[in-house]
Structures are given as C-alpha cells and as structure tokens.
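Chains as they are written, first to last, in the working numbering: chain A, -8 to 404; chain B, -8 to 404.
What the hints contain is simulated information worked out from the structure, not anything from laboratory work.
Copies of the same chain look alike in the list, so a pair counts if it fits in one copy or across any two.
Once the Cα atoms are required to be at most 25 Å apart in a straight line, the calculated DMTMM-like pairs of lysine to aspartate or glutamate come out as: (1) Lys35 - Asp61; (2) Lys165 - Asp256; (3) Lys35 - Glu46; (4) Lys110 - Asp255; (5) Lys110 - Asp256; (6) Lys35 - Asp375.
There are 2 protein chains.
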Amino acid sequence: MTTLTREQFAELDRQDPLAGFRDRFDLPQGHIYLNGNSLGVLPKAAKERAREVVENEWGQGLIRSWNSADWINIPRRVGDKIAGLVGAAPGEVVVADSTSVNLFKLAAAAVKLRPGRGKLLSEPGNFPTDLYILQGLEAFLDGKVCLETAPRDEILAAIDEDTALVVLTHVHYKSGAMFDMAAITARAHEVGALVLWDLSHSTGAVPVALNQAGADFAIGCGYKYLNGGPGAPGFLFVAQRHQAQLQQPLSGWFGHANAFAMRDDYEPAPGIERTLCGTTPVVGASLLEVGVDIMASADMALIREKSLQMGELFIALVEQRLGGYGFGIASSKDPAVRGSQVSLTHEQGFAIMQALIARNIIGDFRAPEILRFGFTPLYVRYVDLWDCVEALVEIMANGEWDRSEFRKLTAVT
Amino acid sequence: MTTLTREQFAELDRQDPLAGFRDRFDLPQGHIYLNGNSLGVLPKAAKERAREVVENEWGQGLIRSWNSADWINIPRRVGDKIAGLVGAAPGEVVVADSTSVNLFKLAAAAVKLRPGRGKLLSEPGNFPTDLYILQGLEAFLDGKVCLETAPRDEILAAIDEDTALVVLTHVHYKSGAMFDMAAITARAHEVGALVLWDLSHSTGAVPVALNQAGADFAIGCGYKYLNGGPGAPGFLFVAQRHQAQLQQPLSGWFGHANAFAMRDDYEPAPGIERTLCGTTPVVGASLLEVGVDIMASADMALIREKSLQMGELFIALVEQRLGGYGFGIASSKDPAVRGSQVSLTHEQGFAIMQALIARNIIGDFRAPEILRFGFTPLYVRYVDLWDCVEALVEIMANGEWDRSEFRKLTAVT
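Can you make the complete structure from the sequences, with help from the hints?
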C-alpha cells in the first residue's frame, strides 16, 4: 500500500453513504470516540424520548401509561425490531433484564431441554460474565452439568454427545475475532447439542443471520452498538421451534400467560414472552428503542463495508506509522473473521490508553495489554482514525504515556 | 364518630407537618392519585436528574462516567440509602435488577444455606410473582425443594424443621394486611429456617426494622412508595451475618470480587456486592435515587401517623356515606396490622374503579372484586380522601359505573 494521507481519509468521508447518520447523535465536542463497542453514544432523539417517558408518560399518565403509552408491549415491540437486525423472525426476540440474567435464563432452560447431558462448553477468555454465569449454573445444579472450555480452534472437536449447550460470543470482546456461527451450530446439532450465541459485540456491528444459521438461542447487549444508554436492558432470542418446550427458572409474573389474573400458579406465556421475568424497566427500554430505530433504518451491508474498510485502514496506518514502538495487532487481518473493532497489544497499553483518553480520543483497555478500538460506522469518520493514529505517534514519540497520572484505573466494557 | 365534613379534612391538611412534601412532586392537574402503592409519582427533581444522566453523564461523559459520575457505585450507594429506610445497616442493601430476579437470587442462595431441607413456605394469595419465582426454583431443582402454602393465620404452625425458607410479603398487596415480622422470623429461627421478606408494599409506607426483627433476607420494589419510576430497579437485603457464605446462582460480572481483571473464574465480591449480576441499569437507578432521597428526608413516624389516620378516616367515610351500596371492607380495621392502603370489595368493583378513573381519581382494581386505595402521605391530602368518597357516592347513586366503556381493560401493580 502506498503511503496514506489524511486527505485520502477526508475524501472517503465525503463519499461515505452513511455520513448523514452522524448528525443523529450527540457527540461531545472535540472528541474521537472509538469505544462504541463498550458504551454507544447518545442519539439526539433519546433526549426528547427521555423527557417524554419521564415527564409525560410517567408524570402525567402514571399507572394508565401501561396501556395508553403501551408500556406493556415494550419487550415484544422492541424485540421485534431487534429481530430484524439479527436475522430472526418477529416473536423470537424480547428486550428484558441484563445480558447476564438473560444468559442464565436460557442456559438453564437449555440444560432442561437436554436431560442427561453433562457438559456446558465455552472458550477460555470468553467475555467473563458468560463464564461466570455458566459457573453459577454449574454450582447451583451441584455439578449435574460442568463447564468445560476449549480454545477456539478446538471448539468443533470438543462438541460431543455429552454436550448440552455450547455458549460462545460471536465476536470476541477483546480480539474482535468472529466465529462461524453456521458451522458451529451445524456441528452441535449433528450430535444433538444446542448453541447459545452471545451477540453483544455483533448486533448492529456485523451482519447476523440467526435463523439462516439454524441458531437455537442468543442474547445480546443494548448499550453497545445499539446505542441504548448505560446499562440498557439486554435482549434474548429463542428460535420459534424451541419456545413451546422452553422452561426457564426465572418465572416471574411478566412471563405469565395472564399476569393480571393474579393467580397463584405459574403458567408460562405461550410464546417468547415466557422468557420475561419482572416488571419491564420502562425508561431504559424506551431509550433503547430510540437507538434500535436508528440502527434499523441503516443498511447493514453498508455498515459492514465501512467497518471493514476502517479496520483495513487502521491496521495499515498502525503498520506504516507506529512501527518500532512495540505495538502488536491482536485482531485477525482477515476481515472475514473480524468484527467491528481492531485490538492492538502493547506492554504499556494501559498508560498509553490513558494518555490517549487525556486527549479526548477514547478507546479502551482490557488487561493485561489490549488496546481496543471500536468502529461504529454510523458516527465515526475515516479522519477520526487518522487523527487517532497521529495522536498515538505523538504519545509514543514524546513519551507522553510515561506519566504517573496515566497509571491508575478502571474501565467498563 | 360524629358526621364528618369536608372542612374537617381541609383543617387536617392545614395542620399536616408533611404538607410541604407535596410540592416536591409533579402531580397531574386535577387528579387524585391513590395508586402510589402501584406506581409512585414523579419527583420534580427526577426531571432534572433524567436530563443530567442522559445528556451529560451519558452524552458527554460517555464511558468515563463509570468513574467520573460514579456509576460504578450506584448499587451500593443507593442501597445504603434504602438501608436507612428499612432498618438495615450500610453494606446490607444493594439496588439491582427487578424484584422478581432478586427474589430468585436470594431464595436460591437460601436453599444452598439449608441443605437437606425440602420446604419453601409461603401463603396462598401472596403477590403472584413471589409464588411464581418459587415455583420456578422448585421446577429447576427437580423437586429437591417444594413450595407449600399455608393461610396467614396458620403460617407460624407450618414452619418446621424441614423448612428451608419462608417467603412472605410483609404488607399484603391486595388487603394491606401486615405480618408481624419479628414473631415470624423468631419462630423460623427456632427451627433453623430462614425468612425472606418482600417489602414491596412496606418500604416508604410503614416502619420496617429488619435488623431489629433479626431478618435474614429481604427484597423490595423501587417504583411504588419510593417513587423511582416505572420499572425502576428493585433492591435486596442480606443480613451481614449471611454474606460471607452466600452463594447465589446469578453470578454475573458485577458481582465479581474484581470484575475488571477479566479473569475466567468467578470469585464473589466479599460483601453485599456478590448479589449483583449484570451491568447496572444506570438511568433507572439514577431516577430511583431521587425518590429515595426524598423519602429519606421525611420522618417515617409522621408518615405512618398520617397514613393510619387516613386509613381510619377513609373507612369511616365509606361506612358513613357508602352504606347500602354493597361495599365491603377487605382491610383490617386494626391499624397495627394494616399497611398504607385500604381495600374495598364490590361485585362490580372493576366497573366502579373505571368510572372513578374516568373522573381522574385513580385507585386500582385487583381481580376478582378488590378496589385498592393507597395512601402516600408525602403527596396525598386528606381532602383527596373526602373527594374520592364523594365521587364514589355519585357514581353509585347515578349508576354511573354501569356503562359499557367501563367494562374492558387491564392494570398493573
């Protein structure tokens, strides 16, 4: 590749068919935000929606808004919109609870669907909460099922006839590596196992075709690429064919066939609503809907195309301009197996990221040495990538990272 | 009692030491709201807080707000404030998830603390989600524990050495009847059983003294008397003495001892934080904090005094003015065992409540024949009770309830 210039990046922005979306978000002035894979940004329309749901629907409508503002149908209504983003059908997705809680519900239900099988399978280094929830399930069932992990290139071989459920994150939170959903699902089905896909780093970032892949279950996050707001509710998917048999243990009243009959005995709702538990978090789910609506109005093929081009260019810039500073590239250079992020490695990664953040260029750090840069094509520009790498060059050339104030912490994905 | 007059009620309002609180809430014009036991009203300060958390903390602070806006400590910070309302110590309460999810966590953990015991005990007609969650736990553990129910006057006798956990709602959602928390807890402890109190209709409504009663576990609702907003997160309490042994199955990353180390193995946080699961619902929890702050600034003894006086007067009005119309009084006339509501019965209760709501006087209906009227002393006036009963008199005298438009619907507690 010839030497890249900032003007080339500016030209790509001028030609970008998604460029108009940027104006639908309220980005802080003077910032470059490459952390939408951790917490997405604020849609301008979410400000108005927050006022509406708080001041009018809650404040004026009060209890009547369960009907008049249709709060009661939020889980399914927003779920149906998300279904369109992940290749699912209406009635297969609901919005509810957190990603972690949703994983527990579906993993527990999957174990019930595969009695006698003792293995839950995942990969080491999966997103921690996924492993923790499976460990919680294992402990709770007194070892009736055991979590085993296999490295990603050995996953296919590790799926066997004792496997009840395979739980994998489609796009890896740290490296951005992407599994072949169809191939793994097919292998699992060959031996009668089920698969649950964590789509937290996929939804709104890469094309997802759950039904085409024959997927059984999925969960996902509302506050990353969907721009639903901090701690937005998660979502979950259950393939239509599993719904009638699905028995999940968090059988709260919102999952009842007729919650307001107030009967003593639980009777699961006939469809996907049986995965609901407690009262819908109305404000959070209403803000999530705004982000989902924007994502649903964008062309996923264009998003993926821009995302991949950004990944290519970012890697090329790192190679051209940051050689000799000790960076490694933790993400695959093969775009077919890379999500919408590029991760670098550096032994001083933590301090370097802090120095970058001090310049209002926001990526994030994952221990022990990963610098993550997320590409969210609806609001990140090509020139942002140039300017980010330029800042890294200066930080390294000046030794700017090596200051005490850049050596403390915490962060959140 | 001599014949009551509206002027007497107006005089009580003039003398009310809590009267100043009403101005801190944004009540819809021309409404009488007697449903704060179902969904509390909007604090004026919540409007500003919503803008702040959405537009500044999320929009401008983005991922940095986990630290700079202290999002990371919300569960514990708001939990400590709620602890003060329920007679718990700091470090014994967190805000998280929904009431239903929190019940599952703690009931499952309690079963683990009492191995070999096979009985979960509750009462028939408890709030449905409490029974449903216990049924879900029972099914999930393949009958290793079984839910039994006993009528409230037989509960003490039903607690035995096979009982792992008693789950009761302190103030009954329908009748307002209140259990003697200390007596039941003491009886359970005599035989080695644990008790979990659902405080959904107690917190902010009646004095609660968890530690004085020797309580083990409790859960509660954020959107009723705490005025936290629709679907606000719930809270949970674990007595300090149980925390180190507590093993709850929803072991998500926010409950980890060191979440951001991103290790593969779950290690529970040392204290109450081990009951957390997924990412905190920041917006909902931030709005809840506003309501909790107001409640924490009020004197619970005054709240209880006004609430009881409202109950007495409401019952007296119903008896004096609604005799002959077929109403019954489902709540106890003994204030010592009554929460902050009075429930009436009427075979046409549903249509009568609809007629009342059409006049912007909002109580609620619970099948098959209960009309609930909740008293929230921070914003309900004595004259509201007079005007409500006056409206009921007109509705009954005119046959106003007997119209077709009052015969459809649903409602939510």
